[in-house]
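Two independent chains are provided; combine them into the complex using the hints.
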Amino acid sequence: MEIFSALSFVFATPSLIGAILLAAVVGMIVGATPGLTAAAAIAMLLPITYYMDPLFALAFLYVIGKSGRYGGSIAAILFNTPGTAASAATQLDGYPLARQGKAGKAMKTATISSVIGDFMGDIMLIVGVGAIAALALKLGPPETFAIYFAAFVVIGSVIGKSIVKGLVSALFGVLIATVGLDPISGEERFTFGTFDLTNGIGLVPLMIGIFVLGEVFDQLEKRQQKVESLETSEHDDDHDGLTWKEYKPCLPHAVRGGFIGAAIGILPGLGSAIAAFVSYGEGKRRATNPEQWGKGALEGIAAPESANNAVSGPSMAPLLTLGIPGSTIGAILLGVFLIHGIQVGPTLFITSKELIYQLFACGLLGIFAYGIIGYFGASHVAKLILRIPSNVLYPMIFLTSFIAAYSARGSMFDVLVMVCAGVVGWLMRKYDFNTAAFVISFVLAKGAEESFRQALLVSDSGILVFFERPIALAFLLLGVGAILFRVHSMRRERKRELAGGLEDA
Amino acid sequence: MRNITEGAVVALIGLGAVWGAYQVPPAQDGETWAGLVPMVVAVGLTLGGVLMVIGKLKEVAVSSVGTVAQSPSTVKTVIAVAVLAFVYQYAMVAFGYLLPTALIAPVMLYIFGIRSVVGLAVSMVLCPLVFHLLFFELLGVFPPYGSVFEPLDLIRS
Numbered sequence: 001m002e003i004f005s006a007l008s009f010v011f012a013t014p015s016l017i018g019a020i021l022l023a024a025v026v027g028m029i030v031g032a033t034p035g036l037t038a039a040a041a042i043a044m045l046l047p048i049t050y051y052m053d054p055l056f057a058l059a060f061l062y063v064i065g066k067s068g069r070y071g072g073s074i075a076a077i078l079f080n081t082p083g084t085a086a087s088a089a090t091q092l093d094g095y096p097l098a099r100q101g102k103a104g105k106a107m108k109t110a111t112i113s114s115v116i117g118d119f120m121g122d123i124m125l126i127v128g129v130g131a132i133a134a135l136a137l138k139l140g141p142p143e144t145f146a147i148y149f150a151a152f153v154v155i156g157s158v159i160g161k162s163i164v165k166g167l168v169s170a171l172f173g174v175l176i177a178t179v180g181l182d183p184i185s186g187e188e189r190f191t192f193g194t195f196d197l198t199n200g201i202g203l204v205p206l207m208i209g210i211f212v213l214g215e216v217f218d219q220l221e222k223r224q225q226k227v228e229s230l231e232t233s234e235h236d237d238d239h240d241g242l243t244w245k246e247y248k249p250c251l252p253h254a255v256r257g258g259f260i261g262a263a264i265g266i267l268p269g270l271g272s273a274i275a276a277f278v279s280y281g282e283g284k285r286r287a288t289n290p291e292q293w294g295k296g297a298l299e300g301i302a303a304p305e306s307a308n309n310a311v312s313g314p315s316m317a318p319l320l321t322l323g324i325p326g327s328t329i330g331a332i333l334l335g336v337f338l339i340h341g342i343q344v345g346p347t348l349f350i351t352s353k354e355l356i357y358q359l360f361a362c363g364l365l366g367i368f369a370y371g372i373i374g375y376f377g378a379s380h381v382a383k384l385i386l387r388i389p390s391n392v393l394y395p396m397i398f399l400t401s402f403i404a405a406y407s408a409r410g411s412m413f414d415v416l417v418m419v420c421a422g423v424v425g426w427l428m429r430k431y432d433f434n435t436a437a438f439v440i441s442f443v444l445a446k447g448a449e450e451s452f453r454q455a456l457l458v459s460d461s462g463i464l465v466f467f468e469r470p471i472a473l474a475f476l477l478l479g480v481g482a483i484l485f486r487v488h489s490m491r492r493e494r495k496r497e498l499a500g501g502l503e504d505a
Numbered sequence: 001m002r003n004i005t006e007g008a009v010v011a012l013i014g015l016g017a018v019w020g021a022y023q024v025p026p027a028q029d030g031e032t033w034a035g036l037v038p039m040v041v042a043v044g045l046t047l048g049g050v051l052m053v054i055g056k057l058k059e060v061a062v063s064s065v066g067t068v069a070q071s072p073s074t075v076k077t078v079i080a081v082a083v084l085a086f087v088y089q090y091a092m093v094a095f096g097y098l099l100p101t102a103l104i105a106p107v108m109l110y111i112f113g114i115r116s117v118v119g120l121a122v123s124m125v126l127c128p129l130v131f132h133l134l135f136f137e138l139l140g141v142f143p144p145y146g147s148v149f150e151p152l153d154l155i156r157s
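Respectively, the protein sequence lines represent chains A and B. Just so we're aligned, residue 1 is where the first sequence starts under my numbering, counting upward by one. Just so we're aligned, residue 1 is where the second sequence starts under my numbering, counting upward by one.
With the rest of the complex left out, here is chain B (with noise of 0.2 Å):
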């Protein structure tokens, strides 16, 4: 069943690039396509998903796939963090990186076990500090600026 769901999803996202390499302009007299290596790959992936969905796959694997089983509370750990690291960019966007980094930062450690309180309350503080002085001061990378509230205007004022 698992091996029909995941050929599916390639598959679909093979006719969804055929549909974006269709959307490429007609090449002009002399040129080639500037769609032709987009289709004829959407067109692979396509064929891959297929032969994934009607078992061919099965005949040359070594192993059945899944391996390890997780439980459902762990992958929605995973799934939980990875929107989490969307809600971390997106706040980097609005708030510069300071701000959300010191809140990212304990709710992350607490995520992967840490407990103490003490703890937590130091890597508020020291990771947006430690990484800021190393990749925005030492190596001079500029930083993101906020575009809702940025906090350096208020240290540096």
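Just chain A, same shape as in the assembly (with noise of 0.2 Å):
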């Protein structure tokens, strides 16, 4: 019932339906242009929510980042490069598409079934996160630090080329969370003397660093790639008209894809790629019409694209029940949380239940949002992005990092750290380790190591007490079987490469 309440506030507050609008706008901008993602975005606007209100700054960014997960959509299908990893499996079927000249048709099925997969994501989140938030307010420290290993594995070993790589990029999130003062004890840690260091690392230079700074030197690296662009057709009717009886065979995959990605979403780190990869192998598996799948069929589209945005939602239940943001997004916003004072987890629905629920609100309209302006205006917001050109939008990039690094809290040591940040982030793009896996266990470091030593505190058993409570051990298990089943799947995936190599020789 809140959410109603929460929705007649949003629409009864004009300047936040303006910084929706504003937010879908520049989401779809963003996602769309090959080579900046949504999560850079955000990280690079995060100073300035400083100076707005707790809900604006919140909403804002959120709908940044459902926006962003669609606009890489617009970049697939039109340029041929995956605006964000996701969209990679709508570059599938989108580009061929495309080619024919279909691209409007292409673009209006990815729209619809991403609206529909971000509702779906949205309303399940909705309904389930109050429940799931009763169920944390329960769990003691030995229980709260057994989720957060569960969260690092599966963070560190799921995503990523490889499990050691991953492993030792989440290792090194929580080795430089742990810089400054002990936040029981008072001690210092790894500050070598320096003043600066004791107050310990902070997440915005951090986050610009890897995601703004980062990206500017992999893409000078890459700047000689030239962008593939087709001109759409938009004045053709029969080529950029969606009729229902083209959508109607998408609908299932689209539904199926909600589904698939709100389930993915809910668990921590996996994120949108791989359930829109997921959707895109589930619907090819069931479809009439497999055949076609890779060659321009629109559930093609609608399957990945709907998987891709159902993630959004669920993904920000085990950050606002549990402190666990499940995506790079997800632990940007954990930022603005802290940044206004707002202590995130299982007591959230109790101090600033009122907030969330007007979040959930903008959410939903947000959705509204993009999916209106998307239908009829992406291929608007294609041209604007052939317009920009990437070697003045860099540089301007470069210059906004250093400024938003500085804006988060006047410190020029902040700017230094998001240096340092880039050139780590940049290295480790490059020789492949996981810097989302390096993010989020950074930001879920602090959380884990004061569960951890409280269980160890209340404890007579020592670390038993871990494989002593049921539901500690539960979570201890699923990290562990996450690994396993990582190694099975990839001495499988090897093993079938291997006999294709035979068979092709």
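Everything labelled a hint here was simulated from the structure, so no lab data went into it. Predicted, not measured: the structure shown is a model, and the values here were computed from it. Among the clues, some could well be false.
To be verified - Simulated restraints on C-beta separations:
1) V50(B) <-> E497(A): 19 to 29 Å
2) E31(B) <-> P389(A): 50 to 60 Å
3) L126(B) <-> E497(A): 48 to 58 Å
4) G101(A) <-> V9(B): 32 to 42 Å
5) H488(A) <-> E137(B): 24 to 34 Å
6) D53(A) <-> L126(B): 55 to 65 Å
7) A134(A) <-> E137(B): 41 to 51 Å
8) P252(A) <-> V50(B): 48 to 58 Å
9) I79(B) <-> I184(A): 34 to 44 Å
10) P183(A) <-> E137(B): 35 to 45 Å
11) V127(A) <-> L134(B): 34 to 44 Å
Every residue, glycine too, gets a C-beta built ideally from N, C-alpha and C.
The following block contains the structure:
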């Protein structure tokens, strides 16, 4: 019921509606620009939100994240370059459709499917999040640490090409988070006598460095690659208009994708890309025309786009109820909560229930906004992006990253941290380490350490406390199971590749 | 060979962190050691590095690392820009925001391929001006004060 009063509040606040509309446009442009990510845009805009009301700040960034996920499909369809990792699945059928002169149909299918998936994910979040929060209130430090442990392991091992590199990235994030004063005893750790380090490494400069400056370095390296673009035949109704008859076969794929995305979204770290590819694979397996998939099937766009966007809502559930961000965007939003003095976790639904439901209402309105703008204006967004010269864009992003990092706390040390993080981010990308695991682990580390040490303090049986409590044990086993599952699936994939190679030979 | 180097670097970072965690003073009675988590993480990093070195990585990786080979000149450009970023940060500490930004903006545009002299000259004025107005005037952020020379003093006087 809270959602209805929240919706009426949002509709009664025109400035908030304006912020949502602006966020929908910004997110779409950022998501559709190859090389720019919604996470980078949110990280850059984060310091500006210091000067905003908490709801405005959260809603603005949350809707940019949602719209950015959708915007990736525009670049995938028109430029044959996925704007986001998740839209690589959309590219498989989107670009062939664009080559057939059906870019308009492809983009409209992507828009409708994104809206369906996102809406399903948000409804599941709104319905289920209260129950998860109530359950989370009953958890003690051993269970909380076990959940953190499972999150670290899943984030580190499941995404990326290598389990070891993923786990190393996660450990590196935890290590950086321990720099500064120990939160319990106040002892200095890894400060090397430097006063600036006693406050620890700031979340905002770290994120701007990894996602923004690191991306500028990365683009500098890749800038020889030209973006391929196709002209859309906008005035040809036969090619651009989407009829109900055409979309009808896509609907089951969009709905299934919504469920797949929502289920994957609730697990920390898995993210949109995995959801999109699982949904694409499942859709193709069940399709009546699997031979068309990959050559330009509208269903091949509906399935991944719906799943990709359905991740957005449920990925907020672990963040809001346990303080565990499920994605990089979630990690940045956690920063916004902290900046505004809002403690994220199970008590959030007691202390700031109204704010949370208003945020959900803004999310629903954001879906509606990017749906309308995308349906009627995606081709215009694409044209705008083609007009943005990347050789001007990236130097401006470079300059913005410095001032944004400084603005967070007015500290030049933060700017230095941002530059170092930028170099680290570029090196991590270059050598296939996992930047998402690094940042999410950095954010999780403080809570994990506190619950770990609290559990040890209250326990008589030392480390065994984690094995004596059934819920804690279940989550520890989940973490171990995630690694084993990943090793097994990678071996199976490798065997298949080897077998394919032998057949080819 | 690259796996071994990467693994060795990770292991070295881990060993450095083990040493760093070891410097944390011991816990008092009834408390847990503040260096416990850093030590566990440092040992984990070292083990991860060792695992990479001994080639365990190859058994679980789907594909080999470094799929996109970059020319040494591109890498050199990135390193040069990274050095420039550090110089820019130190220049802001010494000379405030305006002057270093006026110098770095055309340099960055040039590196990214802008060759128009007029464009580069305009960026020298426009970039510091727009960023200054947006962040330091509109948002009210207190600008960094140059320890050696602050152009804002000159402008305001």
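Verify the CB-CB distance for L126(B) and E497(A) against the hinted window 48 to 58 Å. 52 Å, holds
Is the hinted range of 34 to 44 Å satisfied by the C-beta distance from V127(A) to L134(B)? 41 Å, holds
Regarding V50(B) and E497(A), is the given constraint of 19 to 29 Å on their beta-carbon distance met? 27 Å, holds
Practice problem: Starting from the hint 34 to 44 Å, judge whether the C-beta atoms of I79(B) and I184(A) obey it. | Solution: 40 Å, holds
50 to 60 Å was suggested as the range; check whether the CB atoms of E31(B) and P389(A) agree with it. Taking Cβ atoms as reference, E31(B) and P389(A) lie about 58 Å apart, which means the hint holds.
Is the gap between the beta carbons of D53(A) and L126(B) within 55 to 65 Å? Violated: the Cβ-Cβ distance is about 31 Å, outside 55 to 65 Å.
Practice problem: With respect to the beta-carbon atoms only, verify the hint that P252(A) and V50(B) lie 48 to 58 Å apart. | Solution: Given a distance of about 49 Å, which is inside 48 to 58 Å, the answer is holds.
- Message: Looking only at beta-carbon atoms, does the pair A134(A), E137(B) fall within the given range of 41 to 51 Å?
- Response: 47 Å, holds
Check the following: the C-beta atoms of P183(A) and E137(B) are separated by a distance inside 35 to 45 Å. 37 Å, holds
C-beta pair G101(A), V9(B): status relative to the range 32 to 42 Å that was hinted
50 Å, violated
Should the hint that H488(A) and E137(B) are 24 to 34 Å apart at their CB atoms be regarded as holding? 58 Å, violated
Against the hints set out earlier in the document, violations occur for numbers 4, 5, 6.
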